[in-house]
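18 is the number that the numbering used here gives to position 24 of the sequence shown; each next residue is one higher, with no gaps.
Calculated directly from the structure, the hints in this document are not laboratory data. Take the hints with a grain of salt, since some may be wrong.
[Stated by the list, open to error] The calculated label-pair distances, taken between Cβ atoms and stated as ranges, are:
{"#": "1", "residue 1": "F185", "residue 2": "P(-2)", "range": "18 to 24 angstroms"}
{"#": "2", "residue 1": "T3", "residue 2": "L192", "range": "45 to 51 angstroms"}
{"#": "3", "residue 1": "T3", "residue 2": "E198", "range": "28 to 34 angstroms"}
{"#": "4", "residue 1": "R64", "residue 2": "E198", "range": "14 to 20 angstroms"}
{"#": "5", "residue 1": "S156", "residue 2": "P(-2)", "range": "34 to 40 angstroms"}
{"#": "6", "residue 1": "S156", "residue 2": "W189", "range": "38 to 44 angstroms"}
{"#": "7", "residue 1": "T3", "residue 2": "L146", "range": "53 to 59 angstroms"}
{"#": "8", "residue 1": "R64", "residue 2": "K33", "range": "25 to 31 angstroms"}
{"#": "9", "residue 1": "G203", "residue 2": "G132", "range": "22 to 28 angstroms"}
Quick reminder that beta carbons are idealized off the backbone N, C-alpha and C, glycines included.
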Amino acid sequence: DFSPVVELTGGSCFTLSELVGNGEDGGPDGVFDGIRFSKTPTAGIDRAVSLLLQANPFGSRWRDLENPLRQCLSYGVETMGAVCTGQALRYAAEANDGAGINAEAKEILNKVEIAASSPLFKAICGFNPNSPGLRAAGGITYIRIGDTSPDLPDPTDPDPTSPQRVWLALVKAMVYGSISALAGRQGVVLFDEGWIFLRDGQAEVQAMGRL
-5 DFSPVVELTG GSCFTLSELV GNGEDGGPDG VFDGIRFSKT PTAGIDRAVS LLLQANPFGS
55 RWRDLENPLR QCLSYGVETM GAVCTGQALR YAAEANDGAG INAEAKEILN KVEIAASSPL
115 FKAICGFNPN SPGLRAAGGI TYIRIGDTSP DLPDPTDPDP TSPQRVWLAL VKAMVYGSIS
175 ALAGRQGVVL FDEGWIFLRD GQAEVQAMGR L
């Protein structure tokens, strides 16, 4: 735990359990939501689609739902002004007098709401538009696992379990959120478990570089 060193420099320290919650009683909700931390609506939609497909609450249906998911998020963000993923999906499901923006909107929302019973999943998929996202203060911002037990798969495992997929998506969201918070500030992001990005190939690393 490097917290004492960070505190001596005047930095900010968080444990993951402080940033991940169920959104109740003013608790955290979607701190690492791709729509919330991205600089533009288009980038936020792309990031939210990527994180949801990584966590994959859709099971074997994920390929069929990928394009309808993007359409739902685009409608929620660009048409309705949603500022987080769950809010955007609810707008899409409620559109057209409850018929939905497309035939799959209600199915997508239902599967995502079920997955959001997990606080870890809800960290990347917020429903409360008033909940704050990740913010980086001046100096060092240090996020450590704390008493949260990570369930990351073996780097060579081609078929991670559902909880492991959520963890992979959460780590990605934490890194992308941190980079977004530091963009234009001459900052540096240091992170463990770099294989999570490296195993996805050159495109993922280039995406971080562009950001």
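- Measuring from beta carbon to beta carbon, are R64 and K33 in 25 to 31 angstroms? About 19 angstroms separates the Cβ atoms of R64 and K33, which means 25 to 31 angstroms is violated.
- Query: Regarding R64 and E198, is the given constraint of 14 to 20 angstroms on their beta-carbon distance met?
  - Reply: 19 angstroms, holds
- Item | Outcome for the supplied range 28 to 34 angstroms, where the beta carbon pair is T3 and E198 | 31 angstroms, holds
- C-beta pair S156, W189: status relative to the range 38 to 44 angstroms that was hinted: Given range 38 to 44 angstroms: violated, Cβ gap about 20 angstroms.
- Query: How does the Cβ-Cβ distance of T3 and L146 compare with 53 to 59 angstroms: does it lie in that range?
  - Reply: Hint violated: Cβ distance 29 angstroms, outside 53 to 59 angstroms.
- Message: If I claimed the Cβ atoms of G203 and G132 lie 22 to 28 angstroms apart, would that claim hold in this structure?
- Response: 24 angstroms, holds
- Message: Taking the Cβ atom of T3 and the Cβ atom of L192, is their distance within the range 45 to 51 angstroms?
- Response: For L192 against T3, whose Cβ atoms are near 29 angstroms apart, the range 45 to 51 angstroms is violated.
- Query: Between S156 and P(-2), does the C-beta distance stay in 34 to 40 angstroms?
  - Reply: 37 angstroms, holds
- Note whether the CB distance of F185 and P(-2) lies within 18 to 24 angstroms or breaks it. 20 angstroms, holds
Checked against the numbered hints listed earlier, the structure breaks hints 2, 6, 7, 8; every other hint is satisfied.
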